[in-house]
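Colleague: Chain by chain, the residues:
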Amino acid sequence: MERLEVLKTYKIYIGGKFPRTESARYYSPKNAKGQALGNICLSSRKDVRNAVVAARKAVGGWSERAAFNRSQILYRIAEMLEGRRAQFIDELIFQGATKAAAEKEVNLAIDRLIYYAGWCDKYVQVLSSVNPVSSAHFNFSTYEATGVVGVIAGQKTSLIDLVSIVAPVIAGGNSCVVIANENLPLCSVTFSEVLNSSDVPGGVVNILTGKQAEMIPALTTHMDVNAIAYCGNDSATLATIQENAVGNLKRVRAYDKNWMDAKSQDLYLISDFQEVKTTWHPIENIGGATSSY
Amino acid sequence: MNKKGGLEIPDFNQSPKIDKVGVEERVARFQKRSIKKESKMQGLRMALNMIDLTTLEGKDTPGKVKQMCYKAMHLHDVHPGLPTVAAVCVYPSMVKTAANEVKGSGVKVASVSTAFPSGQAPLEVKLIDTKFAVDSGADEIDMVISRGKFLSGDYNFVFDEIAAIKEACGKARLKVILETGELVTLDNVRRASDIAMYAGADFIKTSTGKIQPAATMQVTYTMLEAIRDFHLKTGKMIGMKPAGGISNSKLALHNLVMVKETLGNDWLTNEWFRFGASSLANDVLMQIMKTETGIYQSKDYFSID
Chain A
1 MERLEVLKTY
11 KIYIGGKFPR
21 TESARYYSPK
31 NAKGQALGNI
41 CLSSRKDVRN
51 AVVAARKAVG
61 GWSERAAFNR
71 SQILYRIAEM
81 LEGRRAQFID
91 ELIFQGATKA
101 AAEKEVNLAI
111 DRLIYYAGWC
121 DKYVQVLSSV
131 NPVSSAHFNF
141 STYEATGVVG
151 VIAGQKTSLI
161 DLVSIVAPVI
171 AGGNSCVVIA
181 NENLPLCSVT
191 FSEVLNSSDV
201 PGGVVNILTG
211 KQAEMIPALT
221 THMDVNAIAY
231 CGNDSATLAT
241 IQENAVGNLK
251 RVRAYDKNWM
261 DAKSQDLYLI
271 SDFQEVKTTW
281 HPIENIGGAT
291 SSY
Chain B
1 MNKKGGLEIP
11 DFNQSPKIDK
21 VGVEERVARF
31 QKRSIKKESK
41 MQGLRMALNM
51 IDLTTLEGKD
61 TPGKVKQMCY
71 KAMHLHDVHP
81 GLPTVAAVCV
91 YPSMVKTAAN
101 EVKGSGVKVA
111 SVSTAFPSGQ
121 APLEVKLIDT
131 KFAVDSGADE
141 IDMVISRGKF
151 LSGDYNFVFD
161 EIAAIKEACG
171 KARLKVILET
181 GELVTLDNVR
191 RASDIAMYAG
201 ADFIKTSTGK
211 IQPAATMQVT
221 YTMLEAIRDF
231 HLKTGKMIGM
241 KPAGGISNSK
251 LALHNLVMVK
261 ETLGNDWLTN
271 EWFRFGASSL
281 ANDVLMQIMK
291 TETGIYQSKD
301 YFSID
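Protein chains in written order, with the working numbering: chain A, 1 to 293; chain B, 1 to 305.
The following block holds chain A by itself, in its conformation from the complex:
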């Protein structure tokens, strides 16, 4: 008997759940051959609002988790991605990549997650410092998560562009609201299913599909978003983001990188979304001894 094909419904990812967009709209991006990639949620500003609420709720618990546990969870994401590599490769090819490029991209995404999993319980030690001061104080600076980060993912390809920025943001204990690749959204949505099955608490990563131009204003003006990571090179968009960020002095970081380059990963992508906390701890200096701690 001939069976009916079951087409996948691509939904957005908010607070660990897969709702449809609040606006009930969709769009159908096409690949180079003109085939529709699927019916994709056309998220609205209200989805952005809901995602920020979920991200804010999640950030406290996530940033307070033991660093080693965050590391385990990032490693788990890589493991789950490994298990579904065939699906990701198929989707990348359907979106227009060659087989070799697709395989390379999935491999790189897995490796990149493992790279940042390794950093989770090390970046604080490496970045922090004990500072020389000319008073009787033990003075040290340490790093803490910025909070809720709005991520505008790169538009070149859908998996590595997303993973390369989300991984360092969450490795540093932040939660994020991601605006996915507009024209090639499939892997972004499937990646949220990977996140959902990898012990990442709901709300730590929220992924929205739809028109960037529609969501960027709501995300970048939002008073409860602490930082924006913009992956792209459109100077007008960047200017708008910077202007919008002024309302609550959001930290804005822009990246125009080729994420497919194996070297497009480093510690400073983590520290970009960290706040430095410096502590002055008074110490007793006994009998003119020089070293006091």
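One should not assume that every hint holds.
Unchecked claim - Sample of chain B residues lacking proximity to chain A, with all beta carbon distances greater than 10 Å (derived): (1) N13; (2) H74; (3) A163; (4) L263; (5) K299.
Unchecked claim - Result set (DSS-like, lysine-lysine): computed pairs, CA atoms no more than 25 Å apart in a straight line: (6) K210/B with K57/A; (7) K36/B with K46/A; (8) K299/B with K17/A; (9) K46/A with K40/B; (10) K32/B with K46/A; (11) K17/A with K37/B; (12) K57/A with K299/B; (13) K46/A with K290/B; (14) K40/B with K250/B; (15) K131/B with K96/B; (16) K46/A with K57/A; (17) K37/B with K46/A; (18) K66/B with K57/A.
Derived by calculation from the structure, the hints in this document are not laboratory data.
From the three backbone atoms N, C-alpha and C, an ideal C-beta is built for every residue, glycine too.
Fit chain B to the given chain A structure using the hints.
Modeller: Okay, now just chain B, sitting in the frame of chain A:
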């Protein structure tokens, strides 16, 4: 039938039975109203002006109460022209402090009494509790009914107790807390509402805020219907105060819709309708700022209390 103050006291065993499914369907409809733009703004401002800003904790201090009173009068000074809340609601020991703080501002002082929240104390103690609050300057008294007596069917006891407290209140308005979360059924909620109103309540109030579930819309709707029937029968207006669990603007607006469609516009003032809440005020303020500026707000920029 008995008579009290010109009112014929009905047999409370005959209080109408409530159709739970019907109530749920009716309530679901209130939640489908779309309230936007100007009407939303008006609703939000109205909701703000109906809030009884509340702190009822063992760890309350005069400092905490003063801070809350300041908040009651200065909700969000960044945005001029906002109304104040209706009242602050505190324990009797804090009434004097609160009354001093809000003097001349139009904000009223409400005090819980009668061994709040359990109500498990002898009547003499409850009367002293109430008189103490009134003498300290409370404009309104929020009493709890004896739920144990009510559930064991001793309606006369509950009735007499409310009547006695009403007398002790003097000029202060009396809100009677039914603690619906402990009354189990909507039938009981209706019966307790009837008892409270006939015994002299000026307001009936859902909950103490200490028990879950608190002010669900089903319960509030049942009580609003009781108020409507009482008004039709006696011509007397009784106020309504849902308390506990109303923490966001949307729910507050749904409640206002329900009041309007059940009781009418006359009840849409803080003389006849109140929200007992502590976190609602900030959510309404955030909604007002969002509506004015078009920018989603963060609680980091609003005072805690």
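Colleague: For every hint, state whether the structure bears it out.
Modeller: How the hints compare with the structure:
No beta-carbon of chain A is positioned within 10 Å of the beta-carbon of N13/B; the least distance is around 47 Å. With 10 Å as the threshold on Cβ separation, the claim that H74/B sits away from chain A holds: the shortest Cβ distance comes to roughly 20 Å. Distance check on A163/B: its Cβ is at least 47 Å (rounded) from any Cβ of chain A, clearing the 10 Å threshold; non-interface status holds. Here L263/B stays apart from chain A, with its beta-carbon at least about 32 Å from theirs, past the 10 Å limit.
Non-interface status of K299/B relative to chain A is broken: a Cβ of that chain comes within 10 Å, the nearest being about 8 Å off. A threshold of 25 Å between alpha carbons decides the hint, and for K210/B with K57/A the separation of about 24 Å falls inside it, so the pair holds. With a C-alpha separation of about 14 Å, the suggested pairing of K36/B with K46/A holds against the 25 Å cut-off. Our distance criterion of 25 Å between C-alpha atoms is met by K299/B and K17/A, whose separation comes to about 24 Å.
A C-alpha spacing of about 17 Å is found between K46/A and K40/B, which places the hinted pair at or below 25 Å, so the restraint holds. Between the alpha carbons of K32/B and K46/A the distance comes to roughly 18 Å, so the proposed pair stays at or under 25 Å and holds. The straight-line distance between the Cα atoms of K17/A and K37/B is roughly 30 Å, outside the 25 Å bound, and the hint therefore fails. Pair hint K57/A plus K299/B holds up; C-alpha atoms about 12 Å apart against a cutoff of 25 Å.
Proposed proximity of K46/A and K290/B is supported: the alpha carbons are some 12 Å apart, at most 25 Å. For the hint linking K40/B to K250/B, the alpha-carbon distance of about 10 Å falls within 25 Å, and the restraint holds. Using a Cα cut-off of 25 Å, the hinted pair K131/B and K96/B holds, with the two alpha carbons roughly 13 Å apart. Distance check on the hinted pair: K46/A and K57/A sit about 17 Å apart at the alpha-carbon level, within 25 Å; holds.
A hinted pair counts as satisfied when its Cα atoms are at most 25 Å apart, and K37/B with K46/A qualifies at roughly 16 Å. Using a Cα cut-off of 25 Å, the hinted pair K66/B and K57/A is violated, with the two alpha carbons roughly 30 Å apart.
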